[in-house]
Amino acid sequence: MKVSKNWLQEFLKIEINMKDLAKQFSLKSQEVSSVEKLTDATKIVVGKIISKEKHPNADKLNVCQVDVGETLQIVCGAKNVEVGQKVIVALVGAVLPGNFKIKKAKLRSVESNGMICSLVELGIDKKCCYSEGIEVLPDYFEIGKNPLELLGLIDEVMELDLTPNRPDLMSMIGVAYETKAILNIEAIYLPEPKFKEIKEKIDLEIKIDTINCSNYYAKMIKNVKIGESPNWLKAKLIASGVRPINNVVDISNYVMLELGQPLHTFDYDKIGSKEIVIRQATEGEEITTLDGIKRNLLISDVVITNGEKPIAIAGVMGGLTTAVDDSTKTILLESAMFDQVSVRITSKRLELRSDASVRFEKGIDVQITNFALNRATQLLQELAGGEVVKGTEFIENNNFSGEEIKIDLNYINEYIGCKLTVEEIENIFDLLSFDYQTTDNLFKVFVPTRRRGVSVRQDLIEEIVRIYGYDKVPITLPKTQIREEISLNTYKKNFIGKLMTGLGLDEVITYSLVNEKNIYDFTLQKENYVIVSKPMSLDKAVMRHTPLNGIIKSIKYNLARKNNDLRFFEIGHKYTEGEPLILSGTLTGVIDKTLWKKTYEEIDFYYVKGLIETVLKKDKKKFSFVKPEKTNENFHPGQTAYIYQEEQLVGFIAKLHPKYQFENSLKDTFIFELFLDKLFEDIEQIKFKKLQKYPVVERDLAIVIDRDIEASCVADLIEKTGKPLLLKLEIFDIYQGENIPENKKSIAFKLIFGDKEKTLDSEIVSQKIEVIVKEIKKRLNGKLRD
Amino acid sequence: MSNIIKNIIKLKDEVVENISKIKEEQQLNNEKAKYLGKKGIIAEAIRMMDTLDESGKKELGRVSNETKKLINVCLENQRKLIENEKINQKLLKEAIDVTLPGTKIKTGTRHVLRQTVDEIVQLFSEMGYIVAEGPEIENEDYNFEKLNLPKNHPARDMQDTFYITEQILLRTHTSPVQVRTMLKNNGNKPIKIVCPGKVYRRDDDDATHSHQFMQLEGLIVDKKVSISDLKGTLDEIARKMFGEDKKIRLRPSYFPFTEPSVEVDVTCNCGGVGCNICKQTGWIEILGAGMVHPNVLTACGYDPEVYRGFAFGLGIERIAMLKYGIDDIRNFYINDIRFLNQFN
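Chains A and B, in that order, give the protein sequences. Quick note on numbering that gives the first Met the number 0: the first sequence kicks off at 0 and runs consecutively. Quick note on numbering that gives the first Met the number 0: the second sequence kicks off at 0 and runs consecutively.
Treat the hints loosely; a few may be bogus.
Stated by the list, open to error - Once the Cα atoms are required to be at most 25 Å apart in a straight line, the calculated BS3-like pairs of lysine-lysine come out as: (1) B:Lys197 <-> A:Lys497; (2) A:Lys533 <-> B:Lys197; (3) B:Lys245 <-> A:Lys27; (4) B:Lys105 <-> A:Lys617; (5) B:Lys105 <-> B:Lys22; (6) B:Lys239 <-> A:Lys405; (7) B:Lys246 <-> A:Lys608; (8) B:Lys183 <-> A:Lys405; (9) B:Lys223 <-> A:Lys471; (10) A:Lys443 <-> B:Lys223; (11) B:Lys239 <-> B:Lys322; (12) B:Lys322 <-> A:Lys478; (13) A:Lys596 <-> B:Lys92; (14) A:Lys471 <-> B:Lys222; (15) B:Lys197 <-> A:Lys677; (16) A:Lys478 <-> B:Lys103; (17) B:Lys245 <-> A:Lys608; (18) A:Lys491 <-> B:Lys183; (19) B:Lys222 <-> A:Lys478; (20) A:Lys727 <-> A:Lys767; (21) B:Lys239 <-> A:Lys497; (22) A:Lys471 <-> B:Lys246; (23) B:Lys197 <-> B:Lys239; (24) A:Lys743 <-> A:Lys626.
As the list claims (entries may be wrong) - Under 7 Å between C-beta atoms, here's a sample of chain A residues computed to sit facing chain B: (25) Asp208; (26) Ser454; (27) Gln457; (28) Glu461; (29) Arg465; (30) Tyr469; (31) Val472; (32) Ile474; (33) Leu487; (34) Asp505; (35) Ile508; (36) Asn562; (37) Thr593.
Don't read these hints as lab results, they were simulated from the structure. A quick note: this is a predicted structure, and the numbers were derived from the prediction, not measured. A virtual CB, placed ideally from N, CA and C, is assigned to each residue, including glycine.
Based on the sequences and whatever the hints tell you, model everything.
See the structure below:
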């Protein structure tokens, strides 16, 4: 909402400062997005074109002699410049918006001493100017005077950023009430509109056939003379950001801006009947709106009809067939209340957001409808010479007179946390122009209909506290105490995040919406996924099943910028039922490369496995890494392991398939995932185990075994057989080649034995080793390496 | 004086010089044997003692003892010298250029958004709030309806929504977690929660908009909660987040789920002079807040005649951008490692 100072001032008894008002507005009412002069051009005068000659060296330019009190030669490029016109002249030394300084100049070797201006050049918004070229002023403007003053364009405009609960501020009258309340000054309100009626009675029948129109008022004005509006009216429209068109259209816009009630004017003679029927459109019905576009209507749209065909879309836009034009004689003026939601649905669907529809959508003051009709009638008589036909034809189903809210002083003070007195609160109601009755400490407040957002006690408290001033509200802290443990998910996110960064991985956060074609790129299963209806782009169409989609994208982004060594993780959700939490990661390149030392570790499968094992240690359960028989086609089949906790799949590690890597310009890339919803479910309290007191015995054991037997198989067997004396086991060598048969390999283990009760006899260890070797022979057909 | 004694005296001078020239430990041992060994020069001389008279014997004993002592001292000194030399050599050999860069040992960085969330959550935890979370794919009922945002409410325009079906959507704010928490508590338990999480709105991604972003909401529901409590809480948080010298101000605003609603500004680092960050106002908007609307309490099972509450919500990206001077919201989701590692 653009608020013109000149206009607002008409409602107020004392001169206001717009900067102060803006400050108070932002603290007590609505956000102010700007306060600016309507135009800040200087050294502008009225001039008269005495003569016009073609420029000798330029086809499109004219050399004009202009009388501004003295005669100036000015070169002008506007098409519409003519001898005898009164025009706006920026003198040498003038500064136009954009810090454009007017200097004495030679234009193609002809001297020019100023500039003949259009309103746009003076800083008026282009959409509010109806003249394409220079502004032609009325002949009665006195030469040498400031034309902006004569046009009423010396003004300041405050633009308000309105919240949806304040439709009352979409009118000057509403802004005036608000200004009165927040500045604590007196206001003047509009007198009841006055006009003369002719004897002829209005001959029109109105019928409402829909619940979406509650009130409809119409007046007929005959013999209007379509023409230009007076400058004061045009100036107000321009300051409000509305383009002046002709007196009839301007008046309806003016009243809408003044009172917040959208009006519509029909050319009565074009309606083609003597009835107005408001109803829902029928399926397949059409109307060509004022903008010349044919609209297909739906049953959800409300239309104004002549009893037969639609002549306007209610509250949204009029029809072309009944539009007012230069030849219009008789006007049917409409002021109505249409349903907010209905207008909203229609205007949204047709993408027709007009000043009118926006006001209907947010809600207008039910008590202003008839007043606005009369106000416009008065102006039509005054400014368009119309004869007002006797009577108003109307249907009024809604005669709401405003909310009554009862509120107690104690409640107000408790809710705000302050100690206001009855008098202070009464004073605030007075400022707001709310009527009230006070009985002891109880207020009965009659909320005016223009403030339709105020309907419950809390709304009233908002009114009180904002006018009182939030700066005066004391500072206290709530006493609320609750006892609850932090949730397991929160705990998991925290400790896993700390662990991963400790292990040298960087955390990323990526988008949840991904391209549908990539949904299964890194998943173990093909589960149903969630599709966004009407996605903004193909790349943001479905909810991901793994953060890996985004992580790989980030990896590619970094590789393209020569950041080659990347270790990323993300803790995020998989968007399937229950939105389970997962940890995903991707590693590529080398680790901690210190170039001059020339030694560094390439990331390989076992590095990633080591990371995962470190994380899984927190769970205390036993996990197995299993090579799947078949897996995602983007995974390297020989370097993929699924992680199980007993029978339950809890994650995986995979190298990306060379083909995928090649197609995506990736180097060797490893990905992993842990399904956190299945892990760390009960983190046990750590229990101290006594340190081994007696010396331990260390033995090495090299086993030769079939090549396709996995190391974990042998290790498990040794561990099982070695218990309880075997305390620790570690693989220290894998060998295949010379001295080992073709299809065999050697695995060397370091075994540590110990007894908790006494020093271990080395004979007993040897016996144990024998048992282990026997067991390996028996179960895995392995033997000791020679 | 007998020749034997003279020889030994002569030996004294010779020994000192000889030993001081020795560079190897082995040689030192040889030398020791040569002088002091069983077949050494001194032993040899003593064997000849019988050839001397009584005073000669005494003199020989004295001289040879002195000489022995001297040799031992010299040997010991020289041994120390050799050892020191050895250590010095080793040190010299092991000397390095300490200005060469150290071996790279990298710790990872938590994402700056996560760090920001953690910091804020930490502040609230200290004030007794508990973290609550909820799904990102939500019911329209929880995202809008129960929050006093019925269908076709104009305020729904403020939040353009990704719909999945007519009833299912991507949550546009973290407020449905409030709804879920209230419903879970059956309308008879106080609530004190913060809810961080991802939210989604149909915005084209640009420097200041992102279709996905993070919010953190707080909610207190209890029997006696006031606007002054809200103001006090926000004041506390703003000072802890932005500095003890900071002040806040509340301006009226509108959210359908709170009444009254306020926007909260914090004083700008420019100290009120006005700068680009605060758009010359001296204040920076940091969050929205308000008293829980009675319709929301009712819809979520709390009696608004008995219970009141306040809620606030802030954009994590915005806070991080203000705090670190980040100028483009897309940085958070591109994950350029040069960006990520700045927050280590």
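Earlier hints that do not hold, by number: Numbers 5, 6, 7, 8, 12, 16, 17, 25, 26 and 33, in rising order.
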